Amino acid sequence: DGGITQSPKYLFRKEGQNVTLSCEQNLNHDAMYWYRQDPGQGLRLIYYSQIVNDFQKGDIAEGYSVSREKKESFPLTVTSAQKNPTAFYLCASSSTGGAYSNQPQHFGDGTRLSIL
Amino acid sequence: GNSVTQMEGPVTLSEEAFLTINCTYTATGYPSLFWYVQYPGEGLQLLLKATKADDKGSNKGFEATYRKETTSFHLEKGSVQVSDSAVYFCALSDPYSGGGADGLTFGKGTHLIIQP
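Order-wise, the sequence lines are chains A and B. For the numbering used here, add 166 to where a residue sits in the first sequence, where the first one is 1. For the numbering used here, add 61 to where a residue sits in the second sequence, where the first one is 1.
Everything labelled a hint here was simulated from the structure, so no lab data went into it. All values derive from a computational prediction rather than experimental measurement. Careful: at least some of the hints might be erroneous.
To be verified - Label-pair restraints from in silico Cβ distances:
1. B:115 x A:180: 34 to 40 Å
2. A:194 x B:78: 40 to 46 Å
3. B:78 x A:220: 44 to 50 Å
4. A:194 x B:177: 39 to 45 Å
5. B:62 x A:243: 26 to 32 Å
6. B:142 x A:193: 37 to 43 Å
7. B:77 x A:236: 44 to 50 Å
8. B:144 x A:186: 32 to 38 Å
To be verified - Dumping the calculated DSSO-like pairs for lysine-lysine here, alpha-carbon to alpha-carbon at most 30 Å:
9. A:223 x B:121
10. B:138 x B:169
11. A:175 x B:121
Every residue, glycine too, gets a C-beta built ideally from N, C-alpha and C.
Assemble the whole structure, with the sequences as input and the hints as a guide.
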């Protein structure tokens, strides 16, 4: 079955450490997204990519970085500059983005990141 | 900017009760509207969508009508089941927001609890 796979499901970060969250999709979608979910705050957009080798900052990009070297992969790095990284991170994809973003987004099952 | 406002939760109902979860939005363009559902420890699943005024989205007994005049997209179900217990998110996608991030704008979510 097609879908989005996020790994790991749980991740722990030490102070001063960078960690990378994996997101892979086999839906042949062009657009991919990273969201952060905090209790009582809904989802906030970190980064998005409409096409390979291109990505844009979302509303809360500070302290995060991404790459999009392959269509099916969109890893997110939480850097040591992100002072409050504890959250639930969700990756999503859609068939198109931009002016055609009435397409629904499909979500992975998330990665829960905690600080040691 | 764009925003989505949902009724605060948790909402607790008995099985077979009628459900309404209110959602209103603010958008600069002509958004598409979505309802997503999140079960514990999982990502979000698309429940239904509407892409233009007066459209009605429906799925699994849930319905929502895109009301441009009241900028609303309320979620309804005639008879809820225990298995409907989850967090429900209203969201919009506005490709003409003029420089805004190309993702979904989410409400904060409404936790629904159905008691047998």
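Okay, the hints, checked on the actual structure:
1. B:115 x A:180: 34 to 40 Å: Given range 34 to 40 Å: violated, Cβ gap about 53 Å.
2. A:194 x B:78: 40 to 46 Å: holds (41 Å)
3. B:78 x A:220: 44 to 50 Å: Given range 44 to 50 Å: holds, Cβ gap about 48 Å.
4. A:194 x B:177: 39 to 45 Å: Distance hint for residue 194 (chain A), residue 177 (chain B) holds at roughly 42 Å.
5. B:62 x A:243: 26 to 32 Å: This hint holds: roughly 27 Å between Cβ atoms.
6. B:142 x A:193: 37 to 43 Å: violated (29 Å)
7. B:77 x A:236: 44 to 50 Å: holds (48 Å)
8. B:144 x A:186: 32 to 38 Å: holds (36 Å)
9. A:223 x B:121: violated (35 Å)
10. B:138 x B:169: holds (20 Å)
11. A:175 x B:121: Judged against 30 Å, a Cα distance of about 28 Å means the pair holds.
Violated hints for the displayed structure, listed by number in ascending order: 1, 6, 9.
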